[in-house]
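There are 4 protein chains.
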Amino acid sequence: MCGVFGVFNSKTPAEDTFYGLYSLQHRGQEAAGIVVAEYNKIKKKTLFKQHKGMGLVAEVFRDETVFERLGGYAAIGHNRYSTTGSASSASNIQPFSLTYRSGSLAIAHNGNLTNSRTLRRELTELGVIFQASSDTEIIPHLAARSREKEPIHQLYEALLQVQGAYSMVLLANNQMIAARDPYGFRPLALGKKVDPLTGELAYIVASETCAFDIIQAEYIRDIEPGEILLIDHLAVANEKPTSLFLPPSERKARCIFEYVYFARPDSFIFKHSVDKIRRNLGKNLARESSIQHQPGEKELTVVSVPDSSNTAALGFVRESIKMERPARFEHGLIRNHYVGRTFIQPGIHSRDIKVRSKYNIVRGVLLDRPIILVDDSIVRGTTAKMLIKLIREADPKAIHLHISSPPITNPCFYGMDFPTKRQLLTHMFDSLDNDEEEIEKIREYIGVDSLKYLSMQGLMNSVPSFEGETCSYCTACFSGDYPIEVSDATTDKDEND
Amino acid sequence: MCGVFGVFNSKTPAEDTFYGLYSLQHRGQEAAGIVVAEYNKIKKKTLFKQHKGMGLVAEVFRDETVFERLGGYAAIGHNRYSTTGSASSASNIQPFSLTYRSGSLAIAHNGNLTNSRTLRRELTELGVIFQASSDTEIIPHLAARSREKEPIHQLYEALLQVQGAYSMVLLANNQMIAARDPYGFRPLALGKKVDPLTGELAYIVASETCAFDIIQAEYIRDIEPGEILLIDHLAVANEKPTSLFLPPSERKARCIFEYVYFARPDSFIFKHSVDKIRRNLGKNLARESSIQHQPGEKELTVVSVPDSSNTAALGFVRESIKMERPARFEHGLIRNHYVGRTFIQPGIHSRDIKVRSKYNIVRGVLLDRPIILVDDSIVRGTTAKMLIKLIREADPKAIHLHISSPPITNPCFYGMDFPTKRQLLTHMFDSLDNDEEEIEKIREYIGVDSLKYLSMQGLMNSVPSFEGETCSYCTACFSGDYPIEVSDATTDKDEND
Amino acid sequence: MCGVFGVFNSKTPAEDTFYGLYSLQHRGQEAAGIVVAEYNKIKKKTLFKQHKGMGLVAEVFRDETVFERLGGYAAIGHNRYSTTGSASSASNIQPFSLTYRSGSLAIAHNGNLTNSRTLRRELTELGVIFQASSDTEIIPHLAARSREKEPIHQLYEALLQVQGAYSMVLLANNQMIAARDPYGFRPLALGKKVDPLTGELAYIVASETCAFDIIQAEYIRDIEPGEILLIDHLAVANEKPTSLFLPPSERKARCIFEYVYFARPDSFIFKHSVDKIRRNLGKNLARESSIQHQPGEKELTVVSVPDSSNTAALGFVRESIKMERPARFEHGLIRNHYVGRTFIQPGIHSRDIKVRSKYNIVRGVLLDRPIILVDDSIVRGTTAKMLIKLIREADPKAIHLHISSPPITNPCFYGMDFPTKRQLLTHMFDSLDNDEEEIEKIREYIGVDSLKYLSMQGLMNSVPSFEGETCSYCTACFSGDYPIEVSDATTDKDEND
Amino acid sequence: MCGVFGVFNSKTPAEDTFYGLYSLQHRGQEAAGIVVAEYNKIKKKTLFKQHKGMGLVAEVFRDETVFERLGGYAAIGHNRYSTTGSASSASNIQPFSLTYRSGSLAIAHNGNLTNSRTLRRELTELGVIFQASSDTEIIPHLAARSREKEPIHQLYEALLQVQGAYSMVLLANNQMIAARDPYGFRPLALGKKVDPLTGELAYIVASETCAFDIIQAEYIRDIEPGEILLIDHLAVANEKPTSLFLPPSERKARCIFEYVYFARPDSFIFKHSVDKIRRNLGKNLARESSIQHQPGEKELTVVSVPDSSNTAALGFVRESIKMERPARFEHGLIRNHYVGRTFIQPGIHSRDIKVRSKYNIVRGVLLDRPIILVDDSIVRGTTAKMLIKLIREADPKAIHLHISSPPITNPCFYGMDFPTKRQLLTHMFDSLDNDEEEIEKIREYIGVDSLKYLSMQGLMNSVPSFEGETCSYCTACFSGDYPIEVSDATTDKDEND
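In the order they appear, the protein sequences are chains W, H, S and U. Sequence positions in the first sequence follow the numbering used here and run 75 to 571. Sequence positions in the second sequence follow the numbering used here and run 75 to 571. Sequence positions in the third sequence follow the numbering used here and run 75 to 571. Sequence positions in the fourth sequence follow the numbering used here and run 75 to 571.
Chain W with its partners taken away, still in its complex shape (with noise of 0.2 Å):
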C-alpha cells in the first residue's frame, strides 16, 4: 500500500505535499518521494525537480534547505509502505520522474496491477527495458507509446491496457493529472484551498482527506472510478478540472479493508467518514456477540488495541447498553508514542518484546475481569497471540477476542500487503470441514477463551450502499470472490514473496 499526494497552483507545493504526506504516513513508511514542477525562466518552460529516500517522511525531508531548492508551482509525492526483500531498493521509490517525447512526466501511484506481467512481457519483446521492480514504471512506458499527443490522452490509452487497482497522480509539464481505476479499488480524493493571501486557487489531490485537513485544504469530492481528471492553469482559471472517463466495468470493487483497517479514521474514504464506519463495525459486532455477564464476575469491560480499533470498541460499548447488556470501555492498553521505523531489538529479551515495546497493560481495569478484547483483524495471528501473553499478565478473569471483520481467508491482489495464502493464520488449519472447527483451532492458537469474527452479512451492514450499483466493494480477502481474474497476478506472488 502506499499513500498518494498532489498539489497545483500553491506558492508552497513542496511544503503542502510534506504535510500531505506527513498525514498520510500510516499508508507506508519506508520510503517518500516529492517531484516538484518549477517553472525555469531560461529554457522558458516547466522543469521537475525531485527528493527521495528511504525512511519516514520527516526523516527523509529533515533538512529544510531541500524546500528551499524545490520551489515549483505543483508538486505531486508518495510514500511507499515497508516490504521486505528485494522490492526494497532506493530505485523503486516514487515518485518516478522521466522525460519522453512529450517532455516531463512524474507518476506516484497506490494500487497492483493484476496483468503487469503480461503487460511487462510484451514490453519487453518490444524492446522496453525496466530500470525498477515496480509495477508502476509500465504506465509511463505504456503512455510514452501512445501516439496520441496530449499527455492525457497518452494516459487514457496507457490505462485502457491495465488491469488492476490504482489510484495515480502525475505531473506532465505544467499539468497534473490524477486517475482512479474503473472498479475504484483505492481511495483517491479532490481538494482544494484559496491561499489567504493572494485568493488564488489551489487544487490538491490526495489518498485520503486527512491530508486537506493539515493544510486547511477543503474535500471537494472523491475522483470517481475510472475518472482521469486534468489540473491546468486554465483549469484553475475556470475553477473547472475536466475530466476523461475509462469505460465503465460492470461492477466497482472498493476496498473494504481501508473502511475495516488501513485509512486513518478521521479520513473520509469513499465519501465516508471512516470512523461512523468503524463505529459500525463495532456495533454491529455487539448485536453479533454472545458473551454474557455472567454473575458473581465483575462487570464486562471492553479493551481495544489501540488505536486502531478504538472507535469499535466504543461503537460495541454503545451497542451493548442498548442491548441491555451493559459493558465498560476501558483503556486496558498503552501504546508506546515512540516506536518507529528505527527501532532495534537488541539482544532479544523474549520473542515477545516487539510487542511490549508497542504496548503495556493497565493492570487496575483488567485485573479479574471478564474481557472483551476487540480488534479490527488477524492476518498472521503472531501480533495477536503475544499481545494475548501480555494481557495474560493482569490476570483477567477471562479474554474474549472479537474481532471487528470475518476472518481473513485470501491474499490482496490490489494492493494491500498481506502475505500469500500460506502465511496466513487462516490457512494453518484450513484443512477442515467447517468453520467452527477452524475458529475453534485459532482461538486455541491464539489463548483466548472465546473467539468471535464478525460475519460477512454484519460487515456488509456496517458499509454504506452507493445508488445504482449491484455490488460496490471488493471483500476478496473475507470472501474469495476476486473481482479481477488474478491468474497473472498469483503467480506474481508466489514468485516475489
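These are computed hints drawn from the structure, not numbers from a lab. It cannot be assumed that every hint is accurate.
Just so you know, same-sequence chains aren't split out, so a pair can sit in one copy or run between any two.
[Claimed, not checked] Distance condition first, Cα-Cα at most 27 Å in a straight line; then the derived BS3-like pairs of lysine-lysine:
(1) Lys463 x Lys266
(2) Lys345 x Lys463
(3) Lys372 x Lys396
(4) Lys459 x Lys495
(5) Lys471 x Lys85
(6) Lys118 x Lys350
(7) Lys117 x Lys223
(8) Lys372 x Lys459
(9) Lys471 x Lys396
(10) Lys459 x Lys345
(11) Lys117 x Lys463
(12) Lys85 x Lys495
(13) Lys526 x Lys459
(14) Lys350 x Lys463
Bear in mind that the values here come from a model prediction, so they are computed numbers and not experimental data.
Following the hints, complete the assembly by docking chains H, S and U onto the known chain W.
Below, chains H, S and U alone, put in the same frame as chain W:
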C-alpha cells in the same frame, strides 16, 4: 525532567537498560546514555564503558554493534528532557562517568537541587572545576571530597549537603547504588527479574514501573524517601540489598504532577496505579462540573486530548452517568503516530501547524454537539488555544473545557520543566483580584464556551493518602506552597531561562 | 570523465571492484557504484545486487556489511566525475541496472556519445522513456530493441548506431562484456589474476592498469579500439575470452590528454607508461625552453605543481643538464594530504583560500631564486593565477611558467570535462591576430615573468607511435581537429553548461 | 601528538581556527574541536561556545551553519592524534571547557606530562574527580586550586607543579594564554594578522607556522621554552602581549623527531625551516653512505617514500653529485591522494593491502636499476617490510634502504605516539651484542640488499645549534638519554598500552 534506570547482575545489562529507557522515553526526549560496568580480566577490576548521544533512545542506540561493545554485568541509563538554550549541550548528557580516589563512578539523576548555586559557589571557592552546567555534577564532587572509604558512605555525606529533589542511580566500581531525597519528590522503584535460563537474580531500579514491564521484571517496592540502597554481588547472593537512611524531612513532598500528567498511566508511581488516580481526577471533575444537558441539544459528548487525558475523560463519563447527567465518551481527536523529534515545519502554513501535525478532528462525532473537552492541565495555553481553534472547524455546538487539575500558578523548582512564572498562562492575568475573574479571562483567551478547573480539594481527594504523614505531596505548582525554601533556585531559574 | 572496472570469476568481486574504483578515484569523485552478479540458488539464475551513492568510493562503501550483502561471482563498478548543476543527481549514478527481454543488464560507461541528441530524439519518437540525463542510458535502450538473441550481439547492433567515445563494461546475466569505440578515445585494459588459494582464474577490466596493481592482478593487453570482448565461465575455463570487432574507423583517436594530465603516472595507458611519456614531455619542453641562467643570479630552480607535473619537471631537469643549462629540481610546493570532497570554505578569507588549502610554499627553496614552474596544462587559468600569487609570497627572483602541453583552445566532446570555449583561458584573448600576442596577454593575466607552452610538435614527439596508423591521437583540445563531427554534441554542450 | 591553534581579536575566529587545524591535520587525525569566546551582551560577559567531534577537521566541521552559531572574537582549537583502545573516547576530545572560581576556562594541549600519575593520585586524594583519561585535565584542576586571582598566575602555579612536555593554548574568560614547558619539547609559534578591511590586529598561536600561511598571517617568533604569554584586548591595543617565565630548566629538549619526520616541511619549527634540515639529513646520509655504482649496472636511482622523505632524498642526490658519486632522483613510488580515515579494507586480499592502498610503484624507473630508497625512520618495521615487497615487484637490481635518522631504540614519554619498547623494530633483536649484527638482522627482516641508518653524529650535524645552550634537543628515542626522569611515565606506558 528525566528518566533513570539501573540493572545489576544481568547477562544483558545494556540491552535491559535500552528497553528500560525506551519505556521511559516520555520522561526525556533530548538525549540518552548508558554506562556499563564490566569486569576486565586483565586489570582484574570492574571498568566502565559508555555510549551517549543527543536524540531519542532508539536514535542514539541505532547501531546494534554498540551492545556487543558494551557487554558487562551491570548498567545505568538516563533520558534527558528537552530543554532549551545553552543547556542543550553534549557535555550535559548523562550518566556522568568519572574516576576519583575510590575508583570509578557513574551517576544518572532525575530532579533539581535547590541549593545548587550555593554549593557550586562553595565548591569552586575550594578549587573545583565544573565541566557541565547540570546540577548533577555537584554530587560526585561532594562524594569525592568525603573522607569516607566506601562509596555509599561518601554518597551519604554528599547527600547530607544537598537540598532539593533527586532520584538517582549510580555505579560505583562493582556496586550499584540508588538514592531518593527525604521528601520523596520524584519516583524511584525497585524491581527484580530471575533469568529464565540461569536462574540468576537481577535487581533493577527505574523511575517508573513501566520499565519493569517491558523486560518482564517484577515490581518489588519503592526506594523510600531518604533511602540509599546498595546492590552488589553479596546483595544478589543474599537476595537482600542493604540500605542507609538520610535524616527524615519534617514532611513528604511527592510530586502530585506525576499523577496529573507526567507519568505513564500503566506505571505505578508512589506505589499506586497512575491510571486509577487519573480516573479519580476525572470522577471528581465530573462531580464539580456544572455542565448540564440542554433541552433540544444533542447528547453531551466527552472528548479527551489523546492520550494523556484519556483516563480522566473515562472517569468523568463514568461518574456523570452515576450522577444521572449522562455524557458519551468519544474519540473526537486523533493523535498522529508519527510525531517525533525529527519533525520540521517548513514554510509554516499557519501558526497552528504544530497542533495540526499532532492532532486531527473526527468531524462526525463533534458536529453540532456540546463538547466537554477534558485535558489534564494548561501550562502556557498556546497549544490549548490552537487546539480549540482546530476543534471549532468541526462546528460543535459548544466547547466546555474541563481541566483535571487546578490552575498552574507557580513554577517548579524540583525538576518539572515548567516555564518561569512570567510564561505561565495564569500569569497573564494575575493582577486581577479574584479567581473567577481570572478564569473568565483565560476562558476568553483560549476561546471556549466555558472553562472549569478541578479544585484543590478535588485534586487532594483523588490521590492516595499515606498513613502517618501530615503532608504527603508537593502541590507547589498549584498552591505556591513550596516544601523547600527556593531563594537559591529561584535566582537560578531567572538567570537560566 | 569516469573510471570503470569489472571482474569475473572472483570469490570477492565487490571487494575487488571497491579497490579498483579506489585506485581509479582520480577519474571521478562525485559518485560511485557497484553492481554484483550472484547466482541465486532458489531461482536458479544469476541476479544482480547493487550499492551506489554520492561521494568518494571510501565514503559510499563506508559500511563493511555492504560487502557481505553483495556477495556474487562477478561485478562491475563506476566512478563518476564531479559535474555541476542538474546532472549531479542520484538517478545518474552508474552502473545502470535494468531488466529487459533477455534478462538482466548492468552498464558502466566512460566517454561521451556525439550523436546522443539525435539518438535520444529518435528513441523518444519510438516511445522510449529516459529516467536519467546521462548518455549512457541510450545504449541499453538500443540493445533492448535489437532482435538479436545474445546480449553481445544486441550490444554490437547498438554500438553500430552510436558515435563518439566510449569504454564500457557490462554485466549481462551471467556474462561480462567490455567494449571500446573504434577510435579508441578512452583507455580500457584487460587483466587477470589467479586466486592464490583456489588457483581459479579471474578476468579483470579497468580504465587504467593501476587498478590491476592494487589487487595484484596482471595486465594482459588493452581492449582494442572497436573490440567487444565477452567473458563468461567458458572463457574462464578455456582461458580465452572471445571478441567481436566493430567496423574499423578511418583513423584512431586516443585521447592525448590522458597522457598529459588525466591518467595516473603509475598506469599503462594505450600500452605505454604514463610516467615515461610525461618525462618525454618535460624533456621536449626543456629543449624548447629559452630560459638561460643569468650571471649573478642563483641557480635556476625547477619546481613542479605536485603531484601531476612531478615527472615532467624531472624530465625537464634531466634534459637541461644534458643540454648544459643546469637547473635544480626542488619541492617548492607542498600538497596538503587532506584535501577532499568534504572540504568546506567557511567565511572565505580571500579568493585564494582554495589554492592555499591545497598547496603551501617552501620559502627556503624559492627565495631570491629564478623559478621555472612546470605545470601540465592551463584550463581556466584561475588556479594558475592564484598559485602564482602564492609563490610570489616567497619572493622568488622570477617565475618562468612552463606548460608541458600546448594551449588548450577547444572544448572536448569526447568525455573530458573541459568547460565551454567561452570559459577556456585562451578564449579571453582569441580575437588577437597572432599567437605570440595572445600568449603575452595570458602571461600578463597570470602574472608570471615569462610563459612557455610546449609546441604541438614537441607534444607529438613525446608520445608513442602506433605502427600502421596514419593518425593515432585525438588532439582536438589543442588543435581543433575533431576526429568525429560534433554538431550534435556542440549544441548539447551549449545548452547544458 | 596533537596540534593546537588559537586566535585572538578576529572577526572570524572559528573559521581561522578551522583553517589552522586543517593545516595542522597531520599532527592528529582522530578528533577535532573548537572553543570560541564570545561577548554576551545580555549577561555582559564573555561566554564560551564549542563544537567537537571524532574525525578529520573537515568532517567534524562539515556543516557550515556551525560557524554562524559559533561567532565570537577569539577561539582555540585542537587536533587529536589517532590513539588506540580506551583513550579513543568522546570525553577526551579537546579543547576541554569548564567553569571554575574565576569564570570560564578552555584548554588545548600538545604534549605529555611525566608526573601525571603522581599528580593524579595527589589530586584524587584531595577529592578531585576526573572525567577524561587525558593528562590535560590535570592542569585546570591545579589552576583552579591556586589561590591566585588572575588566570595567568593560577596557570603559572599549576605549571610549576607539572613536569614533562607541553605546548598549550587556553582561553580564560576574555584572555588567551599560550604556554610552553621550560625544556621546549614541543613547538609553539606566535603570529599576527592585520585585517585587510578594518586594520585590526589579531594574534595567533599555532603548533606550526604552516597554520599561519593558510590564513595569510605572519610568523613573529616562537613562544619560548618556559614562557607563559598573555594576550588580551590591552595587548592588542598596545601591540604587545605580556609574558611570565617559568624557572628555566638546566637544559633544553626540543624534539628532534619533529625535524626528522613529524612536522610539515613548509613549517618553521624551533625557528628553522624543516625543509632545510631534512635536506641536511639527506646530505649527511649521502656522506655516510658507502653505496657505489657498480660497473655494468644502470645508474644509481634515489627514490623517496613520498611525501615525508622527499626533501631528504633530494639532499642525498645533491650531495652525491658533489661527491662525484652521481645518482638520479626518481619518483618511483606514487602516493594515492585519497587515503583517509574512512578507508575500510573489506575482504583483506593480502596482508599488504594497506601499503598497496597508499602507494604504487612506477615500474619504468625501478626495473633493473640499483635503488637507494630513502625513508625518514622505521618504527615497527611492518610498513617498511611490505613496501619493500611491493617495490620488488618492479624487479629492481637491488634495494639499498637508507634511513635519514638513527635507529629508534626507545619509547617517547613526551608526546610522540611511539609504541612500547617491545613493539619497536629494534627491540626484536636487542639481545644481540653489537649494533652491526642487529642491523644485519633488521636488514634481513625487512628484506633489502643493504640497510644504512644515519649516525647520531650525522643527525646532530644536520640540526641548528642554539647559542648558549649546552644541550638543545631531546634525542631520547634514538639515544635513550631522557631529559626528564621517566619512572612515573614509564609505568603509565606499560599499563595503558
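Hints, one by one, checked against the model:
{"no.": "1", "hint": "Lys463 x Lys266", "verdict": "between (48 Å within a copy, 20 Å between copies)"}
{"no.": "2", "hint": "Lys345 x Lys463", "verdict": "between (39 Å within a copy, 25 Å between copies)"}
{"no.": "3", "hint": "Lys372 x Lys396", "verdict": "both (19 Å within a copy, 17 Å between copies)"}
{"no.": "4", "hint": "Lys459 x Lys495", "verdict": "within (19 Å within a copy, 50 Å between copies)"}
{"no.": "5", "hint": "Lys471 x Lys85", "verdict": "neither (59 Å within a copy, 35 Å between copies)"}
{"no.": "6", "hint": "Lys118 x Lys350", "verdict": "neither (49 Å within a copy, 51 Å between copies)"}
{"no.": "7", "hint": "Lys117 x Lys223", "verdict": "within (21 Å within a copy, 42 Å between copies)"}
{"no.": "8", "hint": "Lys372 x Lys459", "verdict": "within (25 Å within a copy, 41 Å between copies)"}
{"no.": "9", "hint": "Lys471 x Lys396", "verdict": "both (24 Å within a copy, 25 Å between copies)"}
{"no.": "10", "hint": "Lys459 x Lys345", "verdict": "neither (35 Å within a copy, 30 Å between copies)"}
{"no.": "11", "hint": "Lys117 x Lys463", "verdict": "neither (64 Å within a copy, 39 Å between copies)"}
{"no.": "12", "hint": "Lys85 x Lys495", "verdict": "neither (47 Å within a copy, 38 Å between copies)"}
{"no.": "13", "hint": "Lys526 x Lys459", "verdict": "within (15 Å within a copy, 43 Å between copies)"}
{"no.": "14", "hint": "Lys350 x Lys463", "verdict": "between (31 Å within a copy, 23 Å between copies)"}
Hints 5, 6, 10, 11, 12 from the earlier list are contradicted by this structure; the remaining hints agree with it.
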